[in-house]
Structures are given as structure tokens and as C-alpha cells.
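Student: Each chain, written out:
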Amino acid sequence: MRGRYAPRLIGLALLAATLALWQLTSRFGRPEFVLSPLEIAGHFVDALRSGELLPHVGASLVRSIPGFVIGSLIGVVLGLLAGVARSLDQLLSPVVFLTYPVPKIVFLPIVMLWVGIGDLSKVVVIALACFYPCFINAYYGARGTPTIMVWSGLNMGARRLQIFRKVVVPSALPLVFTGLRVSLALSFILLFSTEMINARTGLGFLIRQSESSMRFDLMYVAIAAVAALGYASDQLLLLVRRRVLAWQDAASR
Amino acid sequence: MSARWPGLASIGRRLALLALGVVVWEVVARSGAFSPLVVPSIARIGREFWWLLARPESLAEAWATLQRGLGGFALAAVIGVALGVLMGRSAVAAAFLGPLFSGTYPIPKIALFPIFIYLFGIGSVSKVLLIFLECLYPIVVTTHAGSRAVNRVLLWSAANMGASRARILWRVVVPAAAPFIFAGLRIALPIAMIVVIITEMISSADGLGYLVMYSLASLKTDRMLAVVLAIALIGVALDWLIVRLRDRLVFWERLESYYAE
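Protein chains in written order, with this note's numbering: chain A, 66 to 318; chain B, 3 to 263.
Honestly, I wouldn't trust all of these hints.
Said to hold, decoys possible - Examples of chain A residues lying across from chain B (beta carbon under 7 Å, computed): (1) Ile75; (2) Phe98; (3) Leu157; (4) Ile170; (5) Ile254; (6) Phe257; (7) Ser258; (8) Met261; (9) Ile262; (10) Ala289; (11) Ala292.
Said to hold, decoys possible - Label pairs and their in silico Cβ distance ranges: (12) A:Thr164 <-> B:Arg246: 17 to 27 Å; (13) A:Leu303 <-> B:Phe122: 26 to 36 Å; (14) A:Val99 <-> B:Leu68: 25 to 35 Å.
FYI, nobody ran anything at the bench for these hints, they're computed from the structure. In this text, a Cβ means the ideal position worked out from N, Cα and C, and glycines have one as well.
Using the sequences and the accompanying hints, generate a full structural model.
Tutor: Structural data, given as C-alpha cells:
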């Protein structure tokens, strides 16, 4: 019991120590663009009350959630299929692996040119970026299915669809979740950079705007909101992963 | 044929796909369905690309981008591998650094960019540090996993043969973790490219990211696409280099296996 909670306690203690140290710096000379944690917390509550924050959070989520869901769903499905079907593998994998190291953000100007500068261009770029880690991990996950399990399934009279659903997908799931986690982190990077480059709403825009108008209180509030969103969505994904992969965790413990 | 020359066949397939893409693009561009501003022809993009290559100024932009990207990446590689090995071999370091890294991993570091600009100025330093921070996480996480998974028998034999702790780290742990380390480096390198381009798009007066935004703002979309092509080629070339380096250094393990386990 103690062994399980000790890392968490140390983590919390470290966090508390860092915040305390940061708070202490406000006693000494400190540039005006560094706010103390207590000040940020106070501004955060103010921004929530005044309604300066929530509309931007909403605008950001409207872009990032569809982008992440569409991109990773297509990536996982195509990756799994390419992992089991040779014709699809030969068609898709060269393109995917060749374009994988290209930074997807450079497509933002092109997509803006084609579909306009609205939300759609951001959703498309986020979906594009989320596609790759999901495809590659699902692909290797499906290909890594132990052959002997497929043989056993066939031997017991399972049809191909059944093998795909009951053997290949479960055995690929741990890697699929790895891909989803990478994509989630990427979706945030792209969300905020697309919003910083051009948007009139959203947290990235809020950070940029409050920075250039020297409203450091609002800038820190927006950054804190970004951090909280990133952390919360990652925890949510890990929760789903624990639920779905309960069998794997039980086996590895 | 394809069984004997699998490499050749796959290269041929890639070239065929590339040619198909070029032909489709050119047909769309020539059909007149879209303005040449939206879909410029390959010939115009090629001319701009050549123009970029021929001018020393644009090579300087590429050099600025490469310096920032690789600088931040190299910093993250050195410090990340050191921290990862330390966490993998020392319970104390793991207890302190582990929660720190897992706790801050999902926070998008790019949001800190404005603060970095205030702290370190608008020049290269703030960009390099942001690239370092974004690249550090995948490298630390994979190196940690790799150095924790070192076969205990190897460590025992080395200790038994009288190797010092430092020697064991350098000669046993690091080579054993090398496939993991390279997996992390290969994840981090495209991230370095993404972040350098993003930061240059957001605030910079030089670099390829700046050139993309500048060409777009001056409605020179053919030039913009040529720059995008250059960025893409750099990304592919860097990935190719790191895979070559990996095959050279980690010659005892095939590439296929490092995604699978």
C-alpha cells in the first residue's frame, strides 16, 4: 500500500516545494512579467467570473476535439487494416512513412488557402497531425500480433472478421493507446500554434493577445487553462486505457 | 523479383506513387478549376524551388532553421539520455524525477512560448529552449524505459568482472538501452522540426517558417509551396539520417522490432 502511494506523495511534495519557492521569489525583486502562483490563482478565479476565459476554452475545444477524434479514428482504422491486409499495406504505408517526418504545421497555410481561415482549416491540420502516430502505432500493433494466436483462432474455426475483432484488435490495443496519447499531445501543440498564428478566439489567441497588450494576468490565466486542459485530457485517456486494458494491467502487475 | 529485391521494389512503388501525385496535381492545376493562386502548377513551384536553392539568402534562412532545430534537439538528446539513464539506474532519481516528468508530460509546452520570449528575448534562445523542452520528454521517457529493462545478468557479469559503476553505465546500460534511446530520438526529431517551424511562424524575422508566412502574406503561393517542399525534404532527410545512424550504431537489432515491443 505504502509502495503504491509513495511516488504520488513525493510528486505532490515536489510540486508544493516548487510553488512555495516560486511564491517566495515575489518577496525579492522580480520582473513584472513573472507573477506568483497565488496571484495567478486569484486572476484565474476573476477571469472565470468575468467570463473572459470560458468562451475561449469553448472555441479551442470546438477545434481540437473534432480534429483529434477524426484524425485518430481514421489513423487507427487504416493502421489496423494496413497491418492485416497486404494490398492496403502496399498502397498506404509508403506514403505514410515517407510523409511522417514532415512537420504537419507547414500545411496550415495551404489548408487555409483551400478551405478558408476559419475553424475548418485548424480542424483539418489537427486531424492530419493526429493521423500519423495513430496509424503507425496501430499498424505495428496489428503486425505484432503473435502468429500462433492467429493460427489457434483459425484452427478453432474462427472466421477472418472474428480473428480481426477478437485477436488482432485486442493485441494491438496497447500500442493503439500509445499512439492516441502521442496524438493527444500533438493535437494541443497544433491547436495552440494554429490559434497563435491566426484566430480571433481560443486560448492560443488569448495568450497571444494578452501578451501583446501586456495583460500578463490574463496571459498566465490562459497558460494555466492550457496546462489544465492538457493534463485533464491526458488523465481521461489514461482512465479509459485502464478500463479497456484492465486485462493487461492485471497481467503485468 | 520482388522477393529478391524487396528494397528495389519498394523504392519503385514509392517513386510511382510520387509520380502519380505529381501528375494529379498538375492536371488539377492545368484544368483551370482553381485559381493558380490556390493550386499553382508544378512548373511554377519548381521554378521557385530552384530560385530558393540558387539564392544564398534563402540558404541562410534554411541554415537558421536547422541551427535552431538541431541545437535544441542535440541539447535535449544529451540531457535527456543522461536523465533517463540516471532515472533508470537510481531509485532516488526515479522517485524525484519520475513524478516531475509524468506530471508535466501532458502539458503543452508551446503555451510557455510567450513567457520564454519575455525571459530570453525574441531571438534564437527562446526558440532553442522551447525545442529542448518539447524534445526532452520523449527522450527521457524512452531512455528511462530502456535502461530499466537492462538484462540483470549482464550487469552482474560486468560487476563480477570488476567494472566500475561508471564503466557499467557507459559500456552495458547505454548500449543495452540504445534501441530505446533511438526510438525516443526518432520521435523527438520531427517534434524539433514542428516546434522550430511554429516558433518561426509565430515570431521571427528569419528561418523557413518565417519565409512560409511571408510568402503567404505577399500572396506568392508558389514560393510558399516551394518552401513547404523544402521543409518536407529536410524533415525526411533528417529522419533518414537518424535511421542510418541507428542502423550503424545499433547494428545488432533490426529496425522493425522497436515499434513492436
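Student: Compare the structure with each hint and give your call.
Tutor: Going through the hints against the structure:
1. Ile75: Holds, about 5 Å.
2. Phe98: holds (4 Å)
3. Leu157: violated (10 Å)
4. Ile170: At about 5 Å, which falls below the 7 Å cut-off, the nearest Cβ of chain B leaves the hint on Ile170 of chain A intact, so it holds.
5. Ile254: holds (5 Å)
6. Phe257: holds (5 Å)
7. Ser258: Where the cut-off is 7 Å and the nearest Cβ of chain B is about 4 Å from Ser258 of chain A, the hint holds.
8. Met261: With Cβ-Cβ at 5 Å, under 7 Å, it holds.
9. Ile262: Given a least distance of 6 Å, the restraint on Ile262 of chain A holds.
10. Ala289: Violated: closest Cβ of chain B sits about 9 Å from Ala289 of chain A, beyond 7 Å.
11. Ala292: holds (4 Å)
12. A:Thr164 <-> B:Arg246: 17 to 27 Å: holds (19 Å)
13. A:Leu303 <-> B:Phe122: 26 to 36 Å: The hinted range 26 to 36 Å holds for Leu303 of chain A and Phe122 of chain B, with Cβ atoms some 33 Å apart.
14. A:Val99 <-> B:Leu68: 25 to 35 Å: holds (32 Å)
The structure does not agree with the numbered hints 3, 10 stated previously, though it agrees with the rest.
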